[in-house]
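Engineer: First to last, the protein sequences are chains A and B.
Under our numbering, think of the first position of the first sequence as 1, with each following residue one higher.
Under our numbering, think of the first position of the second sequence as 1, with each following residue one higher.
Careful, some of the hints might be misleading.
Result set (DSS-like, lysine-lysine): computed pairs, CA atoms no more than 27 Å apart in a straight line [said to hold, decoys possible]:
| # | chain 1 | residue 1 | chain 2 | residue 2 |
| --- | --- | --- | --- | --- |
| 1 | A | K65 | B | K88 |
| 2 | B | K70 | B | K41 |
| 3 | B | K78 | A | K21 |
| 4 | A | K68 | B | K78 |
| 5 | A | K56 | B | K78 |
| 6 | B | K59 | B | K70 |
| 7 | B | K194 | B | K64 |
| 8 | B | K231 | A | K21 |
| 9 | B | K197 | B | K69 |
| 10 | B | K166 | A | K37 |
| 11 | B | K41 | B | K6 |
| 12 | B | K231 | A | K78 |
| 13 | A | K21 | A | K37 |
| 14 | A | K68 | B | K194 |
| 15 | A | K21 | A | K68 |
Calculated from the model, a selection of chain A residues having no Cβ within reach of chain B, i.e. all distances over 12 Å [stated by the list, open to error]:
| # | residue |
| --- | --- |
| 16 | I4 |
| 17 | I6 |
| 18 | W7 |
| 19 | P8 |
| 20 | L10 |
| 21 | L11 |
| 22 | V12 |
| 23 | Q14 |
| 24 | L15 |
| 25 | Y57 |
| 26 | G58 |
| 27 | L59 |
| 28 | G63 |
These aren't lab readings, by the way, just hints derived from the structure by calculation.
The beta-carbon is built from N, C-alpha and C at its ideal position, and this holds for glycine as well.
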Amino acid sequence: MKQIFIWPRLLVLQLIRFYQKTFSPDHGPFSLIHPWKGTCKFRPTCSEYAYDAINKYGLLKGGIKALKRIFRCNPWSKGGWDPA
Amino acid sequence: MIGFFKIILYEPLLNLLVVFYNLIPGHDLGIAIIFLTLVLKLLLFPLSRQSIKSQKSLKELQPKIQELKKKYANQKDKQAQAMMNLYKENKVNPFSSCLPLLIQLPILISVFQVFRVGLTAASLPVYSFISNPGTLNVMAFGVLNLASPSPILAIITGILQYVQMKAFTTQQPSKKLVKKDGAKDENMMATMSKQMKFMMPALTVFIGMTLPSGLMLYWLASLLFTILEQKLVFAVSSKKITNP
Numbered sequence: 001m002k003q004i005f006i007w008p009r010l011l012v013l014q015l016i017r018f019y020q021k022t023f024s025p026d027h028g029p030f031s032l033i034h035p036w037k038g039t040c041k042f043r044p045t046c047s048e049y050a051y052d053a054i055n056k057y058g059l060l061k062g063g064i065k066a067l068k069r070i071f072r073c074n075p076w077s078k079g080g081w082d083p084a
Numbered sequence: 001m002i003g004f005f006k007i008i009l010y011e012p013l014l015n016l017l018v019v020f021y022n023l024i025p026g027h028d029l030g031i032a033i034i035f036l037t038l039v040l041k042l043l044l045f046p047l048s049r050q051s052i053k054s055q056k057s058l059k060e061l062q063p064k065i066q067e068l069k070k071k072y073a074n075q076k077d078k079q080a081q082a083m084m085n086l087y088k089e090n091k092v093n094p095f096s097s098c099l100p101l102l103i104q105l106p107i108l109i110s111v112f113q114v115f116r117v118g119l120t121a122a123s124l125p126v127y128s129f130i131s132n133p134g135t136l137n138v139m140a141f142g143v144l145n146l147a148s149p150s151p152i153l154a155i156i157t158g159i160l161q162y163v164q165m166k167a168f169t170t171q172q173p174s175k176k177l178v179k180k181d182g183a184k185d186e187n188m189m190a191t192m193s194k195q196m197k198f199m200m201p202a203l204t205v206f207i208g209m210t211l212p213s214g215l216m217l218y219w220l221a222s223l224l225f226t227i228l229e230q231k232l233v234f235a236v237s238s239k240k241i242t243n244p
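One chain only, chain A, in its complex shape (with noise of 0.2 Å):
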């Protein structure tokens, strides 16, 4: 039963993988029209870091804390070092 509720999780992560190949800016192709190859100020970056939080925290939790991380990556933060 409980095999159900993986489900969700899993394509979540599949998306979040589609997503880093295909419209990133920091992972895809278009991370090459940017100068320093991204626009992520975090590393690991907002897409990796929303990957690890909900592998590790669930859909719910870890995608709060994926939310929260990309609110934190705005011009007036420092950036930095910073994994799930």
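Starting from the structure of chain A, add chain B where the hints point.
Structural biologist: Positioned in the frame of chain A, the structure of chain B alone reads:
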């Protein structure tokens, strides 16, 4: 959600466009579009200025960055961590951050909607304190129909896209350093970067040929202002470095 964006972005943008249209002598919608682009660019300027500035100061850090790259050639995680610490120590970060990019997306969609729907609508939904011109004259500069696609405009935009990307890549870390490293990853990035330089302009032309000219004029003006902005910020910050 769509209604929310309509109120905070689509309607103000459309109204601003109408205001410019009313104010400009001769009521040229083409010039109104260029003014609207300029206003949007000025609003977003503080965000882009910061990142262009730190790109400049990062050039001085290049030797240290290369050193770290060599040291952690096979440990991507460690390399990223060391790099971020280096940025922190020197109080620079070349990356502009994710949020502004996410903010620009709804603006872009709204502008798209303004030119796609707003211009063709029979009655303009303007605020009560702005005089409604009734219908907008879609002829710009007397020759360009802004409501229909124009291949010539698409090609010009494509060329400008190439110019803009070229201006960008000369500011990227030099290719010699990338080659010296010999890492497979970086070589692949370099080839991809070369392909992207032609792919993006080609895509611009192909997509541009199907879009109404009003939208293409916005795209063109926006590219032009981006190039000017890069030149300006670089000129100002390099002056500061040569005469401290």
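Engineer: Which earlier hints turn out false for this structure, listed by number in ascending order?
Structural biologist: 2, 8 and 14
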